[in-house]
Structure formats: structure tokens, C-alpha cells
Amino acid sequence: MKKTNIYVLGLFLATKLIPMSAIAQGDPVPYALSIRADDLKKHLTFIASDSLKGRNTGSPEQKVAANYIADSFKKSGIAPVNGSYFQKVDLVNRAWSNVFISAKGKKYEYLSEMMANALAPVAANSKFPVVFAGFGVQQGGYTDFDKLNAKGKYVLAFEGEAKDAAGLYVLSGSKDPSVFGKGDGWKEKLKRAQAAGAKGLILIADRDTKAFGNQVRQRQVMMKRFGNERMAFADAASAANEAPVLLISSEAAAEILGTTEAELLAYKASLATAKKTVASKLKAAPIEVTIERTEKPVDTYNVVGYLEGTDKKEELVVLTAHYDHIGVSADGQINNGANDDGSGTVTVMELAEAFGKAAAEGKRPRRSILFMTVTGEEKGLLGSEWYANHPLFPLKNTVVDLNTDMTGRYDDEHKGKPDYIYEIGSDKLSSQLREVLIEQNKKHVGLELDFRFNDPNDPNRFYYRSDHYNFAKFGIPVAFFFNGVHDDYHMPGDEVDKIEFDQIQKVGRLVFYMAWEIANREQRLVVDSNKP
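Counting with mature numbering (1 follows the signal peptide of the UniProt record, and there is no 0), you get residues -24 to -1, 1 to 508 for the letters of the sequence shown.
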């Protein structure tokens, strides 16, 4: 046997004794170091430029951003999925275009003489009888529905619940309201009304007419800024219990009831004094209701790139960020969203480039990696929810989602102490994911890991407010990287010139090291926790 053959045989035998993970993994440092601040800045300068007009979901400018990201994936050697870098997200824009009620020949228009807690389509000029139900409560001494024939009618009732002379809520006997008096107490009243066969609910505002008018004007300002449209999945069926819940002033209610505002409020006071339902002689006039909803399709996509693994390629690591933002304000100002979430978007692009470079040099990961920038986060995490319900790869094979959303600014808490990142969620489903985070950070990056927002009692509820949550809902371990809220959050001032690119670089490298470790380890992350 020739010496060369002996050498080759020896090398073959030696490799059989070396774990596959060691061969596949190699040294991650050179590839992590390819994630650089100057490259991040180059990408973000385009992604968050005025020319893209804030990347509003479904806008032509968002499509330009999508093409830019897909082109970057392609240049990095990251493959399309099923022949495409785009996953269509089937959304529609729904808007309320014509909403009013009329009674006794007088018209009460939406955001003029009335508001709404909930809207549902009602055919134009549909006629309904109206029944008056006091507070619309069925509890304790209040039996407002006992003798009320509400079937097929609208129920008119006071908002909130009765208080006694000492200012205590009658139902609870304390300063704390019952379920009927809380902010969403209207939902409880609607349940009672619908159980009695009602078609809708009209609430009489628990504030004087002047204060109600101010509230309507505030709502008008909000609608001008954020618009009337709401995005939803095109295939989402209307809820079976969908019904309008409208809010009018006591003056308007008195007109419908054929009385004066003073007499109506005196009756309301009598309910508090009696601490029970009191029969009323007030009879409401019938109403006509029109609630029209328009619907138009939204052309928007998740951008996806795929790097196939080696011996564990059926398992998948997902790296996400959202690339949409809130677009142009009603006053014409562009909200470029450089930090939210341009910073996460360019991080995913650089992660793809780093892993693509490793693969090109023979260091392909054992598990496959999906790089995904999702759409519709600002509209309610819609792009990631669509993916979770229409996955391109089986969710049961998805090992982890590492999500970056706002990593390029400092919050007030960390001024002068920039080397930090908030991490949320890594211990909620897997004890091992938090260990990977701490180990890789200590070994390579050295950021201060701030876990305060991981507290289940955190009032901000950040864990539920970005795209990782749609993976966590399916039992997939997640880690969410976030720098906190700053003064320019969802404002025109969220611009590239305020971004700390060294910060994005450090977070990006940390995510890379974590993804490298998770993609190449022998066993997939365990799912052994169930923390709130």
C-alpha cells in the first residue's frame, strides 16, 4: 500500500472519531466579525431613507424594501424558498366609510355626535326598535333584563355602573368597580344584551355633554393621524357574536328617549340611590342604523431566505425582524423607522451574509436557517402570525426564533451606559436557551443583559408585542432583543443619524453566536419550561 493511501485511510478513520458538530462548526469568530457597523449603516441608510416613505405595510415603497432585502439574501448565497424570496401575506384593509344612526328625523354621525367601542356591518338604513335598560346590568339588585323584551332590538343603557353618595360602587361596595364598571365593562353589557336577543348596544356616556364632545374631538385627532383603516387577514370570518356598541352623549340619549337631559340624569341618580333596578316610563324611539365597511386587498410579503443545513437539515433555526413601519402621518411627515425596525431588518441581512460566507467556505451549519423579515408587525404582528399559520417549514421542526426589534438606540435608563440589551423570553419555554445566551455573550460579546422586561408582571407586556410571540404560542423557544423605548418611538424623529451602529453590531454578533451554537449543537434545545 502506498504511503498516500495510508495517509488518506488514516485521515478517514480520524474523521470518523471526530464529532460531526466539530467538523461542521469550526470557528465562528471570523464570520461574526463580518457583521460590521459600516455595512449595517449602508443598508439602513437605504431602508430608512425618505424615498421609502416609512415602509407602510402594503405600500409600493415597502415593496422596494422587500426587493432590496431579497437581493441582499441572493448576493449572500442564501436560497429562496420554493423558488421565491417572498411569502405572500393575504391581508385586506378594512375601513368604516359610512356610520350613523338616526332617530326622530335627526342624524347622529360617527366621530361627530357619537363614538364606538365596537363596530360591525349593518345594511344601510336598517330599522330597529330600541329598549331602555337602565345600566344594562344583571347582578345584585340590578335586574335590568328580567322583564325586558330585547329580541331583535337595540339596547340603550348608561355606561359604567352606579355609585352611592360616598362615591363607592354599588355592586362592589368599594372604590373598585365590578366588571361592569371597568374600562371594558361594555363587553359584559353586550354579553347580557345579546343573551336577551339584542342586535346591538348603545351606551350613554358617563360624562357630561361638554366632556363627551372633547372626547369625540380627541378621537377625531387620533383618526386623522392613524387613519380609519384596519388590516386583517382576508380569510378571517366575522365573529359570530359581532355587534355594534355605540357611545352617545346624555343629551342625544334624552332626545331619543323623548325627555330632557336633566330628567334623564335624575333617573340615573335614582338608580344609585335605590341600589336596584327602578322602573322607568321612558320609551325610546326606533332608530335607523347604517354601518358600512369597505375592504380592499393589501399587496404585502414576508421576505424569506433559506440556508440548508447538513446532517440535521430537517430542523430549523429562524432569525426574524420586521421591515414595515408606520409610513407617512396625516400631516405629511415621514416616519422612517430607522430603529423600529430598520435596525433589526439590517441585522437579519448581515446575519444572512455572515452565514452565507461561512457556508461558502465549507462551514455550513448542521441545522437549516430561515432568515425572515416579516411584514405587518405594526398592524398587529400580522406577518409573523401568517407565517405561523402557514409555515414554509413544519413548526414541529422549528428549534428556535431569535428576534431583533429596535436595537440601535439607548433608552433613558442607559444613558452613559451603552453596552446593554434587554432580552425577553429566553427562559420561558427552554431552560437551555437562556444558558446559550449567557454563555455566548460572556465568551464573545460582553453586553450587559438586562432581563427586567422578562418579568411576567411587566406592565409594558413587551413579550407579547413583537413577532417572536407568534412562535412562542406554538411552543417554540424564543429570544427577543430590544433596546427599550425612546422619545422618537413611532415619531418622525426615528432617523438614521440617531442610530448607534456599534450597538447594532454588538447585538447582531451576539445573535450570530447564539444561532451558530444552536444550529450546530448535537441535541436541539429542550422545551422544558412553561413560564408566563
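A couple of the hints might just be wrong.
Here are the simulated DSS-like pairs of lysine-lysine, each with C-alpha atoms no more than 30 Å apart in a straight line [said to hold, decoys possible]:
1. 29 / 123
2. 257 / 167
3. 123 / 39
4. 103 / 80
5. 103 / 257
6. 244 / 82
7. 139 / 29
8. 272 / 259
9. 82 / 64
With beta-carbon atoms standing in for the labels, derived distance ranges [stated by the list, open to error]:
10. 394 / 248: 50 to 58 Å
11. 140 / 185: 21 to 29 Å
12. 264 / 21: 51 to 59 Å
13. 308 / 22: 17 to 25 Å
14. 275 / 140: 52 to 60 Å
15. 478 / 182: 47 to 55 Å
16. 506 / 117: 27 to 35 Å
In short, the hints are calculated from the structure, not lab data. All C-beta atoms in this analysis are idealised placements derived from N, C-alpha and C, irrespective of residue type, glycine included.
>> Next pair to validate is residue 123 with residue 39; report whether the Cα-Cα distance is within 30 Å.
In response: violated (58 Å)
>> So if I understand the rule, the pair passes when the alpha-carbon distance is 30 Å or less; does residue 103 with residue 257 pass?
In response: Cα-Cα ~23 Å, so holds.
> For the pair residue 264 and residue 21, does the Cβ-Cβ distance stay inside 51 to 59 Å?
Replying inline: Since the Cβ atoms of residue 264 and residue 21 sit about 55 Å apart, the hinted range of 51 to 59 Å holds.
>> Between the beta carbons of residue 275 and residue 140, is the distance compatible with 52 to 60 Å?
In response: holds (57 Å)
> Given the hinted pair residue 82 and residue 64, is their alpha-carbon gap at most 30 Å?
Replying inline: violated (46 Å)
> Given the hint that residue 257 pairs with residue 167, does the C-alpha gap stay at or below 30 Å?
Replying inline: holds (25 Å)
> Does residue 272 pair with residue 259 here, judged by a C-alpha cut-off of 30 Å?
Replying inline: Outside the cut-off at roughly 41 Å; violated.
> Between residue 140 and residue 185, does the C-beta distance stay in 21 to 29 Å?
Replying inline: At roughly 24 Å between Cβ atoms, residue 185 and residue 140 fall inside 21 to 29 Å, so the hint holds.
>> Against the range 50 to 58 Å, how does the distance between the Cβ atoms of residue 394 and residue 248 compare: consistent or not?
In response: holds (56 Å)
> Falls inside 27 to 35 Å, the C-beta gap from residue 506 to residue 117?
Replying inline: Given about 42 Å between the Cβ atoms, the range is violated.
>> Hint check: residue 244 vs residue 82, CA-CA at most 30 Å. Holds or violated?
In response: The hint holds at about 24 Å.
>> With the threshold set at 30 Å, check whether the alpha-carbon distance from residue 139 to residue 29 stays at or below it.
In response: violated (50 Å)
Checked against the numbered hints given earlier, this structure breaks hints 1, 3, 7, 8, 9 and 16; the rest are met.
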